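Asks: Work out the full structure: start from the sequences and follow the hints.
First to last, the sequence lines map onto chains D and L. Heads up: the first sequence at position 70 corresponds to 70 in the numbering used here, and the numbers run straight through without jumps. Heads up: the second sequence at position 93 corresponds to 93 in the numbering used here, and the numbers run straight through without jumps.
Treat each hint with caution, since some may be false.
Identical chains blur together in the list; that is why a pair holds if it fits in one copy or across any two.
Unchecked claim - Keeping only pairs whose Cα atoms sit at most 25 Å apart, straight-line, the calculated BS3-like set for lysine-lysine is:
hint	residue 1	residue 2
1	K452	K351
2	K351	K440
3	K452	K19
4	K351	K174
5	K54	K440
6	K349	K452
7	K452	K174
8	K349	K174
9	K384	K19
10	K452	K440
11	K384	K174
12	K54	K384
13	K282	K351
14	K54	K452
15	K257	K174
Derived from the structure by calculation, the hints contain no laboratory data. Every value quoted in this text rests on a predicted model; they were computed, and no experiment measured them.
Protein chains: 2
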Amino acid sequence: MRSTREKPQPARSKGLDDKLYVALAERLATLIDAGTLAVGERIPSVRRLSEQFKVAPGTVLHAYRLLEDQGRIRARPQSGFYVCPTRQPLPEPRSSTPGPRAASPTVGDLVMRMSEMSAAEDVVPLGHAIPNAACLPTQQLNRLSAAISRRTSRGFNYYDVPPGCRELRVQVAKHYIAAGCGLSPDDIVTTSGCQEAIGLCLRAAVEPGGVVVVDSPTYYGILQAIEMLGMRAIEVPTSPRVGVDLEVLERTLSTRKVAACLFVTNCHNPLGFVMPEDRKRKLVHLLARHDVPLIEDDTYGDLAYGDQRPSVCKAFDAHGRVMLCSSFSKTLAPGARVGWCAPGRYLEKVKRLKFCNTIATATLPQLTIAEYLAAGGYAHQLRKMRRIYRDQVHQLSQAVQRNFPPGTRATRPAGGHVLWVELPSGTDSMELFDRAADAKISIAPGPLFSTKGDYRNFIRLNCSVPGDAQLERAIQTLGAFAEDLSRAPTAKVRSA
Amino acid sequence: MRSTREKPQPARSKGLDDKLYVALAERLATLIDAGTLAVGERIPSVRRLSEQFKVAPGTVLHAYRLLEDQGRIRARPQSGFYVCPTRQPLPEPRSSTPGPRAASPTVGDLVMRMSEMSAAEDVVPLGHAIPNAACLPTQQLNRLSAAISRRTSRGFNYYDVPPGCRELRVQVAKHYIAAGCGLSPDDIVTTSGCQEAIGLCLRAAVEPGGVVVVDSPTYYGILQAIEMLGMRAIEVPTSPRVGVDLEVLERTLSTRKVAACLFVTNCHNPLGFVMPEDRKRKLVHLLARHDVPLIEDDTYGDLAYGDQRPSVCKAFDAHGRVMLCSSFSKTLAPGARVGWCAPGRYLEKVKRLKFCNTIATATLPQLTIAEYLAAGGYAHQLRKMRRIYRDQVHQLSQAVQRNFPPGTRATRPAGGHVLWVELPSGTDSMELFDRAADAKISIAPGPLFSTKGDYRNFIRLNCSVPGDAQLERAIQTLGAFAEDLSRAPTAKVRSA
Numbered sequence: 001m002r003s004t005r006e007k008p009q010p011a012r013s014k015g016l017d018d019k020l021y022v023a024l025a026e027r028l029a030t031l032i033d034a035g036t037l038a039v040g041e042r043i044p045s046v047r048r049l050s051e052q053f054k055v056a057p058g059t060v061l062h063a064y065r066l067l068e069d070q071g072r073i074r075a076r077p078q079s080g081f082y083v084c085p086t087r088q089p090l091p092e093p094r095s096s097t098p099g100p101r102a103a104s105p106t107v108g109d110l111v112m113r114m115s116e117m118s119a120a121e122d123v124v125p126l127g128h129a130i131p132n133a134a135c136l137p138t139q140q141l142n143r144l145s146a147a148i149s150r151r152t153s154r155g156f157n158y159y160d161v162p163p164g165c166r167e168l169r170v171q172v173a174k175h176y177i178a179a180g181c182g183l184s185p186d187d188i189v190t191t192s193g194c195q196e197a198i199g200l201c202l203r204a205a206v207e208p209g210g211v212v213v214v215d216s217p218t219y220y221g222i223l224q225a226i227e228m229l230g231m232r233a234i235e236v237p238t239s240p241r242v243g244v245d246l247e248v249l250e251r252t253l254s255t256r257k258v259a260a261c262l263f264v265t266n267c268h269n270p271l272g273f274v275m276p277e278d279r280k281r282k283l284v285h286l287l288a289r290h291d292v293p294l295i296e297d298d299t300y301g302d303l304a305y306g307d308q309r310p311s312v313c314k315a316f317d318a319h320g321r322v323m324l325c326s327s328f329s330k331t332l333a334p335g336a337r338v339g340w341c342a343p344g345r346y347l348e349k350v351k352r353l354k355f356c357n358t359i360a361t362a363t364l365p366q367l368t369i370a371e372y373l374a375a376g377g378y379a380h381q382l383r384k385m386r387r388i389y390r391d392q393v394h395q396l397s398q399a400v401q402r403n404f405p406p407g408t409r410a411t412r413p414a415g416g417h418v419l420w421v422e423l424p425s426g427t428d429s430m431e432l433f434d435r436a437a438d439a440k441i442s443i444a445p446g447p448l449f450s451t452k453g454d455y456r457n458f459i460r461l462n463c464s465v466p467g468d469a470q471l472e473r474a475i476q477t478l479g480a481f482a483e484d485l486s487r488a489p490t491a492k493v494r495s496a
Numbered sequence: 001m002r003s004t005r006e007k008p009q010p011a012r013s014k015g016l017d018d019k020l021y022v023a024l025a026e027r028l029a030t031l032i033d034a035g036t037l038a039v040g041e042r043i044p045s046v047r048r049l050s051e052q053f054k055v056a057p058g059t060v061l062h063a064y065r066l067l068e069d070q071g072r073i074r075a076r077p078q079s080g081f082y083v084c085p086t087r088q089p090l091p092e093p094r095s096s097t098p099g100p101r102a103a104s105p106t107v108g109d110l111v112m113r114m115s116e117m118s119a120a121e122d123v124v125p126l127g128h129a130i131p132n133a134a135c136l137p138t139q140q141l142n143r144l145s146a147a148i149s150r151r152t153s154r155g156f157n158y159y160d161v162p163p164g165c166r167e168l169r170v171q172v173a174k175h176y177i178a179a180g181c182g183l184s185p186d187d188i189v190t191t192s193g194c195q196e197a198i199g200l201c202l203r204a205a206v207e208p209g210g211v212v213v214v215d216s217p218t219y220y221g222i223l224q225a226i227e228m229l230g231m232r233a234i235e236v237p238t239s240p241r242v243g244v245d246l247e248v249l250e251r252t253l254s255t256r257k258v259a260a261c262l263f264v265t266n267c268h269n270p271l272g273f274v275m276p277e278d279r280k281r282k283l284v285h286l287l288a289r290h291d292v293p294l295i296e297d298d299t300y301g302d303l304a305y306g307d308q309r310p311s312v313c314k315a316f317d318a319h320g321r322v323m324l325c326s327s328f329s330k331t332l333a334p335g336a337r338v339g340w341c342a343p344g345r346y347l348e349k350v351k352r353l354k355f356c357n358t359i360a361t362a363t364l365p366q367l368t369i370a371e372y373l374a375a376g377g378y379a380h381q382l383r384k385m386r387r388i389y390r391d392q393v394h395q396l397s398q399a400v401q402r403n404f405p406p407g408t409r410a411t412r413p414a415g416g417h418v419l420w421v422e423l424p425s426g427t428d429s430m431e432l433f434d435r436a437a438d439a440k441i442s443i444a445p446g447p448l449f450s451t452k453g454d455y456r457n458f459i460r461l462n463c464s465v466p467g468d469a470q471l472e473r474a475i476q477t478l479g480a481f482a483e484d485l486s487r488a489p490t491a492k493v494r495s496a
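Replies: The following block contains the structure:
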């Protein structure tokens, strides 16, 4: 849960699959953190380090550039690289305190506005949490898909009816061993992305009008699904470090008729936390006592920055009450629309609902992803993405710190590629959204993440875009707008 | 609407894309129908006809074999081919007479049972209406898909959010010119198959609990969608020749609160009719007067046997009340899961619902089908499929006539590949379904097509399987079971 700046990960073993310069940069970052290299000190020359670590001078230079990008060191002309002063990171937002009222979400209009905004050309895409296309193994998927097309007619001529492509289900079950989950391929139903999986699980467990407890803030796609299905949501207080407040949850379950909980447990969107394992276990036991099912959204679980794949609540589920949902849209191919769920005791119901909803998932994308996973390159792909996203989230956070008004807070994500930013009290993120849109910058305003229009002074920033001058300018522009809005009369009145 | 046996289509022009022997067989069939070649008469020898029509003897022989398969002529050893006696075709089922009560469909269990049955190995697949894989242009789609994969990364790395792939929408709009429809690509939303399209349109137009008027019998996927969405259905009497009874419909609209109508207008599933154009126009005007939207399922519209592509109600819709839905699952690729809808005034709502339901449709299958359509081979593909299906439906109908008990009736489909068979009164098709399952034959029992378990003495037979000895045996077995069940005590009591 710590920011990577406070305590970077130790350098990994320099396997063939890990880029050497990254490992070197991490090693140097550790030396800086430990004080071995003090602030203001000149770090060893490229030549010296190259000899010392027996790596090419180019590798050392790459490592230095990376540390420079991260704001850890600075080049002085004709002199070398020097350790930068360590700034305190931005304070984190506090736990949320949503009211106990059940509400029907109404975020649909706003999501469509943001979508249209994001689809426009020349927009700096800080709104939707779309993966960085350059990070995706698209070439490999294309090659595999073409090879499958040459080999079998199944990709097109076969209705892959529920539970869906067996090869894929086998690979998903294998992959989740690392998350502590003993899934069988027969426990899994493949879907058209995680969004369909969540919709099917909601329908399987909750009647229209029924109440779903969600973390707060939470991903707007979840709120839209609840809205579309005519259900209501209760938001519970959620810490940006450890997730949903279990005491408040227990009170809610004791006093209200709750049909299901729907939580993002790993690399939360938008808060970025990974729920600690003991809390996951407690949550599962609490829900078992109240006989309430949990829909667990693990979309970003593979993108946790730590060395270990975080566990899932499903791993502690002895009674089939946890309905685990995920997809490959964030790590492999958003365009494949391949997701899945392991809905426990709701398996048969979910299979039937899948048939009613879309009959089957497209076959060729399923086969392609199954072959990609079977080929064994996924672990490497994930290591690469995690590193890139961790660095980019860190850099964007620093850019926010440099450019946003005093009083700004930001999360310290443990995974994924979004940053949740709290603006000074009273700053209107809807107004910021409009101004940013005029300046060709897309952001996700806070009220998108609430059933009741809360988080009016929050924004979510997508960090999957690599840092460059344009991004830096966009953050400067947003910072200036935020500064201006934080001084608006409404802001003053509210913060008074 | 006539059976192909009563009056075969006239021989088509012998373009390069039409197989010569088929045209020749059709020409001969016309001569038989007209009495130019009388029953019992020997038809001209292969050599004579070959000279007369200036075609190869092999072509003539092919034509004769085809006519023999169709039961029009018979070979006598060492003598030649003779015209067979024309049997009267089976009488058609009468128009349905469902009651006016609104009901919540509950066909889900039965559909799943049939699905499991159909998925088993070595089953004669007369249950699900799946296309004949051998008829699909899978090789071409595979080649196109592989080429797209080599050319662009868009197939995998791109969220093709609503309204979906523009190239595909352009091709759909062009294709529907033949159906009298002036669609713009901007009128269209692509979906994960027609099933998703229908679900989205239902949600856009009908609140949970709302009433949808459907034809009777109707496709169980439609009933399942209504069931899943918590809506109710009213069935209206439907003629197996011209479709829904407009007078009863008008009375229903005048006396009940109806949220939408959902009709299959072309190559109805299971009845096989193409609604005549003037009735389509009347239907649209009637619904306009009552301000009720129509969800029009045109899944099989491209498979009408006639020379002209039948029109759609959407062609007469001046006010955006018709929501046209279709897919390429029956004509190109069931595994692609590519469908679409043109939802008229509900466009924005449907786009939003699509986003909530599955975010986007898989990109590569959409691009592949768009390229296939743009390449121009679809018209040829359709001509081939229509011919094959028309012949197979005809042959299956004859096999039913030969093997089923007296009192059996069957539709005379104008398109598609299913036959709706009425068994003697009191014959229990659920019992037949179970016995057939034991004998490794899958059929669709009548109650699947009703909200209230009606059509207990009906079955739907899928005719997409090419005729062979196994199919003939299956029909013999079904016929024997039906004969036996038609004599069961319950049957006697009921028909007494």
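Asks: Hints first: check each against the structure and report whether it holds.
Replies: Here is what the structure says about each hint:
For the identical chains of this complex, K452 and K351 are inter-copy neighbours only, at 23 Å across copies versus 33 Å inside a copy, given an alpha-carbon limit of 25 Å. For the homomeric pair K351 and K440, the shortest alpha-carbon distance between copies (24 Å) is at most 25 Å, but the shortest distance inside one copy (43 Å) is not. Proximity of K452 and K19 under a CA criterion of 25 Å is satisfied in neither setting, with 46 Å inside one chain copy and 65 Å between copies. In this homomeric assembly, K351 and K174 come within 25 Å of each other (Cα to Cα) only inside a single copy, at 21 Å, whereas the closest approach across copies is 36 Å.
Neither within a single protomer nor between protomers do K54 and K440 lie at most 25 Å apart by alpha-carbon distance, with minima of 47 Å and 70 Å respectively. Within a single copy, K349 and K452 get their C-alpha atoms only as close as 31 Å, which misses the 25 Å cut-off; across copies the closest is 21 Å, which meets it. Neither within a single protomer nor between protomers do K452 and K174 lie at most 25 Å apart by alpha-carbon distance, with minima of 40 Å and 44 Å respectively. In this assembly of identical chains, the alpha carbons of K349 and K174 lie at most 25 Å apart only when taken from the same copy (24 Å versus 39 Å across copies).
Taking the shortest Cα distances, K384 and K19 sit within 25 Å of each other inside one copy (9 Å), while across copies they are farther apart (56 Å). Taking the shortest Cα distances, K452 and K440 never come within 25 Å of each other, neither inside one copy (27 Å) nor across copies (56 Å). Taking the shortest Cα distances, K384 and K174 sit within 25 Å of each other inside one copy (21 Å), while across copies they are farther apart (44 Å). For the homomeric pair K54 and K384, the shortest alpha-carbon distance inside one copy (23 Å) is at most 25 Å, but the shortest distance between copies (69 Å) is not.
In the homo-oligomer, the alpha carbons of K282 and K351 never lie at most 25 Å apart, since the shortest distance is 29 Å inside one protomer and 40 Å across protomers. Taking the shortest alpha-carbon separations for K54 and K452, neither the intra-copy value of 58 Å nor the inter-copy value of 79 Å comes in at or below 25 Å. Proximity of K257 to K174 under the C-alpha cut-off of 25 Å is found in neither arrangement, the shortest distances being 37 Å within a copy and 52 Å between copies.
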